[in-house]
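This is what each chain is made of:
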Amino acid sequence: MKDLIIPWDDRDMGTPAKTGAPVTLRIDGFEVTVPEGTSVMRAAAEAGISVPKLCASDNLEAFGSCRLCVVEIEGRRGTPASCTTPVAPGMVVHTQSDKLRKLRRGVMELYISDHPLDCLTCAANGDCELQDMAGAVGLRDVRYTAPAGGQMANHFTARDTSGAANPQWRAKDESNPYFTYDPAKCIVCNRCVRACEEVQGTFALTIEGRGFDSRVSAGAGGDDFLSSDCVSCGACVQACPTATLQEKSVIELGTPTRSVVTTCAYCGVGCSFKAELNGDQLVRMVPWKHGKANRGHSCVKGRFAYGYATHRDRILNPMIRERITDPWREVSWDEAIGFAAQRLRAIQARHGQKSIGVITSSRCTNEETFLVQKLARAVFGNNNTDTCARVCHSPTGYGLSQTFGTSAGTQDFDSVEAADVVMVIGANPTDGHPVFASRLKRRLRAGARLIVVDPRRIDLVKSAHVAAAHHLALRPGTNVAVVTAMAHVIVTEGLMDEAFIRARCDWDEFLTYAEFVADPRHSPEVTEALTGVPAADLRAAARAFATGGNGAIYYGLGVTEHSQGSTTVMAIANLAMLTGNIGRPGVGVNPLRGQNNVQGSCDMGSFPHELPGYRHVKLPQVREIFERAWGVTIDPEPGLRIPNMLDAAVDGTFKGLYCQGEDILQSDPDTKHVAAGLAAMDCVIVHDLFLNETSNYAHVFLPGSTFLEKDGTFTNAERRINRVRRVMAPRQGFADWEITQMLANAMGAGWAYDHPAQIMAEIAATTPTFAGVSYDLLDRLGSIQWPCDDTAPEGTPMMHVDGFVRGKGRFIVTEYVATDEKTGPRFPLLLTTGRILSQYNVGAQTRRTENVVWHDQDLLEIHPHDAEVRGVKDGDWVRLASRSGETTLRAQITDRVSPGVVYTTFHHPDTQANVITTDYSDWATNCPEYKVTAVQVSPSNGPSDWQVDYAAQADRARRVLPAAE
Amino acid sequence: MSPEKMVHMANQIAIFFKTQPGDDAADRVAAHLRDFWEPRMRQQLRDHVAQGGAGLDDLVVQAARSI
Ligand code: SF4
Ligand code: SF4
Ligand code: SF4
Ligand code: FES
Chain A
1 MKDLIIPWDD RDMGTPAKTG APVTLRIDGF EVTVPEGTSV MRAAAEAGIS VPKLCASDNL
61 EAFGSCRLCV VEIEGRRGTP ASCTTPVAPG MVVHTQSDKL RKLRRGVMEL YISDHPLDCL
121 TCAANGDCEL QDMAGAVGLR DVRYTAPAGG QMANHFTARD TSGAANPQWR AKDESNPYFT
181 YDPAKCIVCN RCVRACEEVQ GTFALTIEGR GFDSRVSAGA GGDDFLSSDC VSCGACVQAC
241 PTATLQEKSV IELGTPTRSV VTTCAYCGVG CSFKAELNGD QLVRMVPWKH GKANRGHSCV
301 KGRFAYGYAT HRDRILNPMI RERITDPWRE VSWDEAIGFA AQRLRAIQAR HGQKSIGVIT
361 SSRCTNEETF LVQKLARAVF GNNNTDTCAR VCHSPTGYGL SQTFGTSAGT QDFDSVEAAD
421 VVMVIGANPT DGHPVFASRL KRRLRAGARL IVVDPRRIDL VKSAHVAAAH HLALRPGTNV
481 AVVTAMAHVI VTEGLMDEAF IRARCDWDEF LTYAEFVADP RHSPEVTEAL TGVPAADLRA
541 AARAFATGGN GAIYYGLGVT EHSQGSTTVM AIANLAMLTG NIGRPGVGVN PLRGQNNVQG
601 SCDMGSFPHE LPGYRHVKLP QVREIFERAW GVTIDPEPGL RIPNMLDAAV DGTFKGLYCQ
661 GEDILQSDPD TKHVAAGLAA MDCVIVHDLF LNETSNYAHV FLPGSTFLEK DGTFTNAERR
721 INRVRRVMAP RQGFADWEIT QMLANAMGAG WAYDHPAQIM AEIAATTPTF AGVSYDLLDR
781 LGSIQWPCDD TAPEGTPMMH VDGFVRGKGR FIVTEYVATD EKTGPRFPLL LTTGRILSQY
841 NVGAQTRRTE NVVWHDQDLL EIHPHDAEVR GVKDGDWVRL ASRSGETTLR AQITDRVSPG
901 VVYTTFHHPD TQANVITTDY SDWATNCPEY KVTAVQVSPS NGPSDWQVDY AAQADRARRV
961 LPAAE
Chain B
1 MSPEKMVHMA NQIAIFFKTQ PGDDAADRVA AHLRDFWEPR MRQQLRDHVA QGGAGLDDLV
61 VQAARSI
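Protein chains in written order, with my numbering: chain A, 1 to 965; chain B, 1 to 67.
Be aware that one or more of the hints could be misleading.
Dumping the calculated DSSO-like pairs for lysine-lysine here, alpha-carbon to alpha-carbon at most 30 Å [as the list claims (entries may be wrong)]: (1) K5(B) with K672(A); (2) K18(B) with K808(A); (3) K822(A) with K18(B); (4) K5(B) with K822(A); (5) K18(B) with K618(A); (6) K672(A) with K618(A).
Label pairs and their in silico Cβ distance ranges [to be verified]: (7) K618(A) with D58(B): 55 to 65 Å; (8) D23(B) with R628(A): 35 to 45 Å; (9) D23(B) with T547(A): 33 to 43 Å.
Simulated from the structure, these hints should not be mistaken for lab results. Here a beta-carbon is modelled for each residue, glycine too, at the ideal position from N, C-alpha and C.
Make the full structure from the sequences, and use the hints.
What follows is the structure, given as structure tokens:
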């Protein structure tokens, strides 16, 4: 296997890069020019000279505590620390001299005298900066030794030389499942504390005590890492120069010897990582400092939760069965693929060309997704292709293409650093998009203001050193009313950016819109009755957004997953245009995508009405491009969307489905209806890592490969195409694109791809926004934000800079229409759903990692008042019922939710939150209304009948026959 | 698809376009249905209209002529 180390400089430059006027100085005789504000240490590093250091790191502000980095500067007295000394013009610096060497040795000697000398058996051996520095300063001798009979204090021996217990000694903290804290090895350099504050923004660590007594402490007295506020992002572990904070995987497997740069397969932030290995044994994931989405940071999922790849539940052999009531039979790949192909063709012969379809995955690569939709269009001969983005961000596609002309976020993540007012609506970044949240929090600590529009008091509303200036806790389902009321305030108070609107938007449409929105029925005073948002708060938030400088909007599924999801997206776009917040850094409309490749799966033509690049199948000139490339005729009619497929299955006209990497039975609404649809089909092919819930209704199971086992690309929420690189061979034999190709070829396709780079070449040749993308360019640039073509050969970080993609921006009238999902006497509460940091989507991956220590079951959040009138106490089992169904789970009493609102997550299959959700959906796209369901909550003794039956059916459906001899 | 669900979905589309300026709402509903509803769904809608169109918004009934 090729070891891919990108030729980028991974050195630690000591202190962060600065921007400023150039300053020239001399260091050890070399002239070097750096931006004003740069430290002498960094300037030296730029000149190729490393100054010894322990407490400095280029992702943290300099601290100046270790004094190892001292230098001499001509004309200045003493020996200043180079990490805290800024450069000055004409400065002459010496980094080596007898005096400096002596000082540095003295510093090291003191450190080492209070450090155990067990380097050879230490987990950080070979990866320890203390060790490196001892070498760099030429430490040869430590003069301080403990006298017999006790007395000399240290931190690292449990007992002193007299045998008495050492009061300074602390035991290892192994409470976190992924890393350990061994106080005996701590040099109190403060890097971990600063990483937790500056990089992650959690403030879980402090230095307790002073002088010799000082030590790192997680949380308040008595806390360990697990019980503290720590979110296990690992930034402190990465920052620690010693083995004090150390990955358990490194302790167990040894230091890694090779690394491959790749992309996280969890959320839509799309963090870049170095996968560090020994042979094909993954030792750890380290966020890559040159990753442009994450800038060297990550969350607990990407860094630590990769254990599912080797979990014993992973299926490694293809399986088939005649009927879903039969046990599974393990077969060869040939037999499984042949069985699937023959069944699909038989269904088409009997029920027509349009009786089968595919579901592509937002967790698979662009190349895989492209092939799956091509399978439907070119091999099945229909447009029955959809993706799970249907159930999350399809309204983004519709809404933004109507207003701006393109289905994507407008900015890169770096843009948040220039925002002055940030509006977060229907998103919970600290749980859903943690690395973006860290970058946002950093900006908020630097003074930007925050508006949160969410029914729940999400963590951003109030957490360490961050507080929302405005929290509009609206009733679920009233987004359009709230955003339109904000526009009302802006228009009627004359706060809009008229120059921008005149220059960039259709003025007549604006006038119509302004007249609509100025109507008193949209005023916050009138809408308060239905939204529950106090008029004064809403006015204040609208004014802040319109007048506070660069205004950026970030939104998530709390916007899209509603009956009026598309309308809310348009309302958000209106708000951005109204205030001129488009087309420069610090502003924009930014959908936060749930899964890693939601953006990519939409770009790749997964939707049944669109060919790759968001071009409707009705357009003959677009069909022609693909007809020529593929040598087939493409159906000009839109195909079935996921809910439509299930409806057609129940009606008997849709009989076969190839579902790659998705678990629609768990993730889609109205579980009973999904189950009925699946049960009505003659051939369900599930292509996944695990026997997921959907596979209970499958006839063919094709084992999938993980992101570690294949090449490809993911496209994150910034439109950034990142490379996924194969770091080990697929455990079940094939990368997923190869499996799709085998199925296509068994149906007569004649495809002959031998590497995903060829698939990308086909995408580039057929899709204008990808015209310039290639694996070579990706290797060279690291990542590319589409559009990438002749006019933007290195991609486009920011969209709509001089004009909208569609020409003039369009204001669209956004009338609030109440959802038909209404509370009443039977179902008086509103259920809304969301997710949690440690778990991902349906949990198939994260439930198979140690992440379960943070979330081992879904809980129902309920306000104390609603709980009390129902006689529900914290931790009780409760029955949750809607008109669709009922389930049971445990209650958590909290005032994060308002009275009348309850909340849960959907990470665990036995909770079956989607038994409760209904079949209502977004008017334009059929994106399900997950975020509003009328429910009742009552005390219960345990699982509902449905849960018991479901579990029994699932057990039966998962039986596998022992392999034949 | 159950008739109730289809009627609900079609009416939702009509409700949006009704709020839009201009007098071409029926055409826009029809265009939306042509763009996003698979032929089977449009057939079911046409059949429902032929049988009286119970529950359907007038705008949908008008639009159904040209889908
Ligand atoms: S893992 Fe992250 S949150 Fe936890 S203490 Fe370290 S830096 Fe802070
Ligand atoms: S735990 Fe590591 S990073 Fe933190 S102060 Fe100790 S040695 Fe420094
Ligand atoms: S889950 Fe998201 S935020 Fe966390 S490491 Fe992966 S891409 Fe980054
Ligand atoms: S690296 Fe400069 S004082 Fe520690």
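Okay, the hints, checked on the actual structure:
1. K5(B) with K672(A): Answer holds: K5(B) to K672(A) is near 15 Å, not above 30 Å.
2. K18(B) with K808(A): holds, 23 Å
3. K822(A) with K18(B): holds, 22 Å
4. K5(B) with K822(A): Within the cut-off at roughly 16 Å; holds.
5. K18(B) with K618(A): holds, 25 Å
6. K672(A) with K618(A): Distance ~34 Å between K672(A) and K618(A) Cα, so the pair is violated.
7. K618(A) with D58(B): 55 to 65 Å: Once the Cβ atoms are compared, 26 Å apart, the range 55 to 65 Å for D58(B) and K618(A) is violated.
8. D23(B) with R628(A): 35 to 45 Å: holds, 41 Å
9. D23(B) with T547(A): 33 to 43 Å: holds, 38 Å
Hints 6 and 7 from the list above are not met by this structure, while the remaining hints are.
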